[in-house]
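Going down the list, the protein sequences come from chains A and B. Here the first sequence stands for residues 1 to 337, numbered as in the UniProt record's numbering. Here the second sequence stands for residues 1 to 337, numbered as in the UniProt record's numbering.
Everything labelled a hint here was simulated from the structure, so no lab data went into it. Worth double-checking, as some hints may not be accurate.
When chains are identical, the list treats them as one kind, so a pair holds in a single copy or across two.
[Claimed, not checked] Below, computed lysine to any residue pairings styled on SDA-like, alpha-carbon distance capped at 20 angstroms: (1) 62 - 314; (2) 324 - 160; (3) 263 - 238; (4) 263 - 172; (5) 263 - 283; (6) 97 - 110; (7) 68 - 311; (8) 148 - 57; (9) 22 - 49; (10) 40 - 18; (11) 56 - 113; (12) 68 - 119; (13) 62 - 99; (14) 243 - 221; (15) 40 - 27; (16) 97 - 202; (17) 148 - 8; (18) 301 - 312; (19) 68 - 98; (20) 56 - 127; (21) 263 - 286.
Computed from a prediction, not measured in an experiment: that's the story for all the values here.
Protein chains: 2
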Amino acid sequence: MLARKNGSMSISEIAKHLNVSKSTVSLVINGKAEEGRISKASAQRIRDYIEEIGYKPNALAKSLATGKSRTIGLIVENIGDSFFGPIALHIEEYLRKHEYQVLYSSTMGDNTLAAEIVQTMLEKQVEGIILAPTDAMRTEVEHMLKSKVPLVLFDRKIPNVQTNYVGTDNYEASRQAVEHLLQQGYERIGMVTIDSQQPQMQDRLRAYREVLSEDGREEQLLYVSFLARSGDPVDAITKWLKKNPQIDGVFFSTNYVCIAGLKAMRKLDREQTLGVITFDDLEVLELMRPQISCVRQPLEKIAKAVVQMLIEQLNDRDKPFNEKIIKSKLQIRESSL
Amino acid sequence: MLARKNGSMSISEIAKHLNVSKSTVSLVINGKAEEGRISKASAQRIRDYIEEIGYKPNALAKSLATGKSRTIGLIVENIGDSFFGPIALHIEEYLRKHEYQVLYSSTMGDNTLAAEIVQTMLEKQVEGIILAPTDAMRTEVEHMLKSKVPLVLFDRKIPNVQTNYVGTDNYEASRQAVEHLLQQGYERIGMVTIDSQQPQMQDRLRAYREVLSEDGREEQLLYVSFLARSGDPVDAITKWLKKNPQIDGVFFSTNYVCIAGLKAMRKLDREQTLGVITFDDLEVLELMRPQISCVRQPLEKIAKAVVQMLIEQLNDRDKPFNEKIIKSKLQIRESSL
DNA sequence: GCAAAAAGCAAAACCGGTTTTGCTTTTTGT
DNA sequence: ACAAAAAGCAAAACCGGTTTTGCTTTTTGC
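Start from the sequences, fold in the hints, and give me the full structure.
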């Protein structure tokens, strides 16, 4: 009775030890003793022995046989991020209720890497993929759609590709954000965003532009490097604020841009004089003086919707694609003097 | 030539199509055509066909056959946390260099859940586990040690159990932190920590106590609920600060306690009058006025050490256990007036 | 009391790979 | 020209499970 590397025995070894066949053991283990017409006595004997040796099934073998890996792939931009981290936590928690585990990866915005990750996950037979795509993943996504891999995109989608998708009302929420700044009396509002084609960023940008143009105001835009390789965004924003002293309010397009912006403002000692609003909530916003308002995405709701949509697709591969927009809330904090 | 669910073909199907045997195809795929003595011609024909149909191996079958899953389990307290999130990111990046993917889970401090997670990961045949244990995982850890699963603990260890471990110099760094507050002229320093037996927290606490006692000072301690279920830590800290108005400086034991503390201070309008230092760095610390100093753990170095230790163990199962302490740095920021 | 039905299980086929073995055929050496 | 060696590959065994099939033996019905 040789033990395997992991210390446990295989079903065949158990069978041999008890002088029964593999199938009998397997049926008992899976609670199919009844329908397999295994006698109470044999079943109990097998159960006892399994208990005694602490048998642990090899999930790889099981998955290979059943075609179910009980694993979902989660691909985000950066698991260490204050948006994706909590989302990942909640996705994991909801998936656990359905007895799935999560194989995760961060793309850091790298398209080549993202494609590789998808590839490896599919080879590992994940049953579905949850993906915040980088901006050039059309091919991979289309490929997955064609092979009917259950897939849910979130946060951003692929333009002109029909998929399951969960996101927020980027355009509307951003409009409200910019309008709020205007209502607060700020006159010359700038926006800092990233130099990426991600559609959700484009929507936020468009909202800013349209609000300003409808009000007959001039826009003042700064793009900072998304991949954070070329140059320091704090520097870039600092220079921009210096060069445009007329700006009295700023709309940041996302969490890490906002952090960079706040650092720049601190360097220039302008925390009190600039009106700020940002997409995505951050702990720091509540702690600043003055506090900073934001567009707050309901992370848990998003995670819940993502998982629900994936589970539905898993239950019915031919279910038509679904899009769910979870509204963000304008979190208004103490107005800056 | 029936396609499988995932759209790809199996090796047997390829073999059948080309009138060769499975083994031949397998050898060619794995670049073992030479040593398998497959003729150039056959090899090329197989390669061409594989290319043509875009063959994708089933990693489950491969892992079952080879005993290598190329997957590592990562178990942390909370992937959405500002400590564990970035650590997870870096761990993932380093593991990728060794062609491993990560199966992750957050325990949220729940021992039962943590044990289940370990169990499932082992069944899925992860090749190793990286674990920030909850405070009652002795059994699971000992079990893994006995069955020689490559294992690295980090952030906290299990008292009196010899394992691989990567952590920081909690005691020394905390001493420096408290001493720094004293040097800054704060007289009555309190500490807020969590009601958990985690050894790293105990070390931080002990450091605080010893520094104060050596200086003949009285300690002022507040334990907030770790599981964040019973009551709001912000309230608890607020009350504590009110009840102990003599406190002029506070040492927070970890990131989320600090956030709660800062919120309490803000409520009481005491950001200017309390000296604060905390374990773990946070974006917000740099942005506050006054800025807040902290003990900064080198997250990337920790991640690197963790992965390196795991890889070493994977390469030699009988390697003696190793402990690596990565020193934290006291990040001193602009002193509060 | 005897055929048909049900019980109880062993055996085999399968999932999709890897690796070892061993059978032809061709090449080499003398 | 003939044996030994090498080339080229098919076949089989294996990894650890699940599930279907089918062979005994016992039970039931009449």
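Results of checking the hints against the structure:
no., hint, verdict
1, 62 - 314, "within (19 angstroms within a copy, 24 angstroms between copies)"
2, 324 - 160, "within (16 angstroms within a copy, 51 angstroms between copies)"
3, 263 - 238, "within (9 angstroms within a copy, 28 angstroms between copies)"
4, 263 - 172, "neither (27 angstroms within a copy, 30 angstroms between copies)"
5, 263 - 283, "both (15 angstroms within a copy, 9 angstroms between copies)"
6, 97 - 110, "between (31 angstroms within a copy, 15 angstroms between copies)"
7, 68 - 311, "within (14 angstroms within a copy, 29 angstroms between copies)"
8, 148 - 57, "between (29 angstroms within a copy, 17 angstroms between copies)"
9, 22 - 49, "within (14 angstroms within a copy, 38 angstroms between copies)"
10, 40 - 18, "within (15 angstroms within a copy, 50 angstroms between copies)"
11, 56 - 113, "between (35 angstroms within a copy, 17 angstroms between copies)"
12, 68 - 119, "both (18 angstroms within a copy, 18 angstroms between copies)"
13, 62 - 99, "within (15 angstroms within a copy, 24 angstroms between copies)"
14, 243 - 221, "within (12 angstroms within a copy, 49 angstroms between copies)"
15, 40 - 27, "within (12 angstroms within a copy, 47 angstroms between copies)"
16, 97 - 202, "neither (35 angstroms within a copy, 34 angstroms between copies)"
17, 148 - 8, "between (36 angstroms within a copy, 12 angstroms between copies)"
18, 301 - 312, "within (16 angstroms within a copy, 41 angstroms between copies)"
19, 68 - 98, "within (13 angstroms within a copy, 26 angstroms between copies)"
20, 56 - 127, "between (22 angstroms within a copy, 15 angstroms between copies)"
21, 263 - 286, "both (15 angstroms within a copy, 8 angstroms between copies)"
Of the hints listed earlier, those the structure fails to meet are numbers 4 and 16, in rising order.
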